[in-house]
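Protein sequences appear in the order of chains A and B.
Read in order, the letters of the first sequence are residues 20 to 268 in my numbering.
Read in order, the letters of the second sequence are residues 20 to 381 in my numbering.
If a hint is listed, it holds; no wrong ones were tucked in.
Label pairs and their in silico Cβ distance ranges: (1) A:236 <-> B:345: 30 to 36 Å; (2) B:93 <-> A:213: 56 to 62 Å; (3) A:262 <-> B:349: 39 to 45 Å; (4) B:332 <-> A:106: 21 to 27 Å; (5) A:106 <-> B:40: 55 to 61 Å; (6) A:157 <-> B:25: 38 to 44 Å; (7) A:193 <-> B:342: 26 to 32 Å; (8) B:346 <-> A:262: 40 to 46 Å; (9) B:25 <-> A:85: 17 to 23 Å; (10) B:368 <-> A:266: 55 to 61 Å; (11) A:267 <-> B:348: 48 to 54 Å; (12) A:41 <-> B:205: 42 to 48 Å; (13) B:332 <-> A:267: 52 to 58 Å; (14) A:42 <-> B:70: 50 to 56 Å.
Treat the hints as calculated values from the structure; they're not laboratory data.
Using N, Cα and C, we set each Cβ at its ideal position, and we do this for glycine too.
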Amino acid sequence: MKYIKGVHRHGSENFLMLLKDDKTLETKSIIKASTSEKGIKSIMSECEGIEWYNSVSKNKIEYTLEKKIKTYHRIKIEINRSFFNVNPSLNYLMIEKYLDLTINHYIQIWDKYKGYQFAPFHGDLSLVGNVMFNDKNEVLFVDWEQFSDNMNIPTGLDVTMTLMENIYYEIIRYKKIKKNVMKHFVNSIQYLNKSKLLSRYLLDSPAINTLNFINSHTDIWNGQHLKLPVLKLSKNVVQELDNAISKII
Amino acid sequence: MKELSSKLKKLIMEKKNNYIKQYLNKIYSKSENGIFSSGNSGYWSNLSKDKNNEFSKLLETKDCKTAVKSFIPKFEEMIFSSKREAGLELLDHKKGGVCIDYGSMWGVLSVGMAKRGHQVIAVDQTYDSLNFLKTRSIEEGLENIHLVQDDIREVKFKDIADYAIVNGVLEWIPEKSEVIVSEYYEKKVSKTKSSIKKKLLKHPRDMQVEFLKKVYDSLNTGGQLFLAIENKLNYAYLLGRPDPHVNLKFTTFLPRSISNVISKIFRKKDYRTYIYSFSELKDLLREAGFKKIDDYCCFPMYHFPSLIFPNSNEGISQYIAYKDKNIVTWKQKLVFKYLEVFLMKYLKFKNLSPAIIVVAKK
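Whenever a hint applies, use it, and build me the whole structure from the sequences.
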């Protein structure tokens with residue numbers, strides 16, 4: 020079964036289609052297509068991102084650029100069905116394990132960039148959809164639409180964004196950051212720093228600098244930066260996160 | 020190597036272009052301003068003739084986007100938004116083919132198909148609309164759009180097309196008088212003069228089947244028809260939203276004879292803009308000769324779709340709430356958001372979807 024699930028979602032200019040198994044309704048492949056300049060650009064970024072990721076990752080993403088003409092691009096991405104997404108309704112502490120797996124996978128994939136201030140960038144390592152896991156605790160980063168390898172993006176930004184996004188969901192749930200959550204956030208930043216994958220641009224006040232970077236480089240997201248939940252964090256929470264970090268690092 | 024490949028592509032494109040031009044030259048003796056013409060003209064537009072004249076003059080000095088923005092800003096999205104092309108993704112675009120866009124109007128789907136690499140024959144009865152499309156295709160460097168001014172009920176294409184587009188057109192087939200959409204929708208008596216005597220007009224359904232037969236004939240074996248139309252059983256019409264063509268409540272789904280009486284009383288004209296339910300539309304297509312017919316539920320409407328899935332139990336299970344910028348007030352939210360979610364997600368009333376998209380094969 021083929022159906023169109025999204026038309027210009029989150030400010031993208033793509034058509035998003037899903038191919039599902041007729042009986043089980045499991046998603047077999049994702050198709051993205053566009054005729055607009057902006058949409059075509061994001062499909063090209065997706066191809067580049069997948070190629071870059073496949074060159075270093077053990078688990079590969081299969082894709083076919085089904086049609087590539089100046090005015091129309093269409094990409095088909097196969098779904099690796101052994102991988103799953105985490106349930107978005109779980110709270111921070113329940114997904115801690117998955118956040119750790121995500122950070123470890125980042126460290127593994129970005130290994131070549133240890134000690135670099137800038138590194139290639141995924142752009143949206145959200146656990147809600149773009150990071151997948153399997154039973155062997157392996158990780159797969161998908162949805163590379165915002166990929167950029169022009170080396171002007173601070174190393175570790177993908178991870179600070181992911182952590183902050185999950186803190187945002189936590190705030191929505193409990194209106195505050197629980198101690199254990201804060202502890203995990205701080206430890207994760209520290210771990211990233213020790214792994215030499217946290218740019219000095221983020222080291223000092225990582226939360227506010229993450230937001231500042233996004234707000235001053237919105238073009239990276241091809242007009243879709245407003246979809247990022249991290250931008251909805253209040254100033255007070257951001258300050259709270261940075262205060263906690265400044266005590267340790 | 021890259022240069023050679025692009026030269027080759029250009030050559031192939033020129034060859035295809037010439038083939039279509041030669042084909043159209045055989046059918047149409049007249050060609051004016053790059054627009055083939057049968058001599059059959061008519062008028063169906065969102066703009067009045069005077070406004071269209073002014074707009075055409077503006078196009079001589081300004082580019083399409085600027086002209087639309089300054090003169091008819093409310094139509095900007097309707098004319099340029101690629102969102103409108105979403106349904107075209109249901110077609111197979113791997114190879115470049117020939118596409119006929121029946122009733123192309125300003126050409127949003129002609130442009131969409133041309134950008135997907137097909138040779139497009141855009142047919143419309145209104146010269147001004149074609150003139151706009153001509154200007155736009157030149158501006159966008161789309162040399163693969165061929166323009167034909169003709170009555171789409173009278174075209175003589177045979178086994179030429181791999182694709183046929185009938186987007187928001189089928190319901191207008193029985194209406195042979197000149198149409199200015201806003202006037203047709205609002206006025207009790209159409210000011211535009213019909214050149215055809217009512218007595219001579221066939222039954223609306225028969226005219227629609229006849230037209231679909233012509234579309235069928237124009238397709239190659241295996242060719243695909245893309246058809247989009249409102250669903251007469253759209254839950255909103257059942258709740259009293261007026262008929263989208265004549266602005267009368269309940270006429271979409273009441274027996275045609277009753278709708279006709281209502282239209283005669285309140286609009287002083289016959290009810291002719293027939294729309295259908297899923298099963299009725301499929302019957303119509305079968306009668307025209309189409310065999311493999313896939314029908315899709317489309318939300319919130321086919322003009323600017325957000326969600327399109329097969330009209331099946333599996334399809335309706337994929338329904339998700341979506342953003343609709345036209346839904347603003349709490350009343351609208353209650354009816355068109357929460358009620359729709361309830362009807363589709365929980366009750367799975369797929370046959371009450373707002374619009375129908377069909378992909379049918381010859």
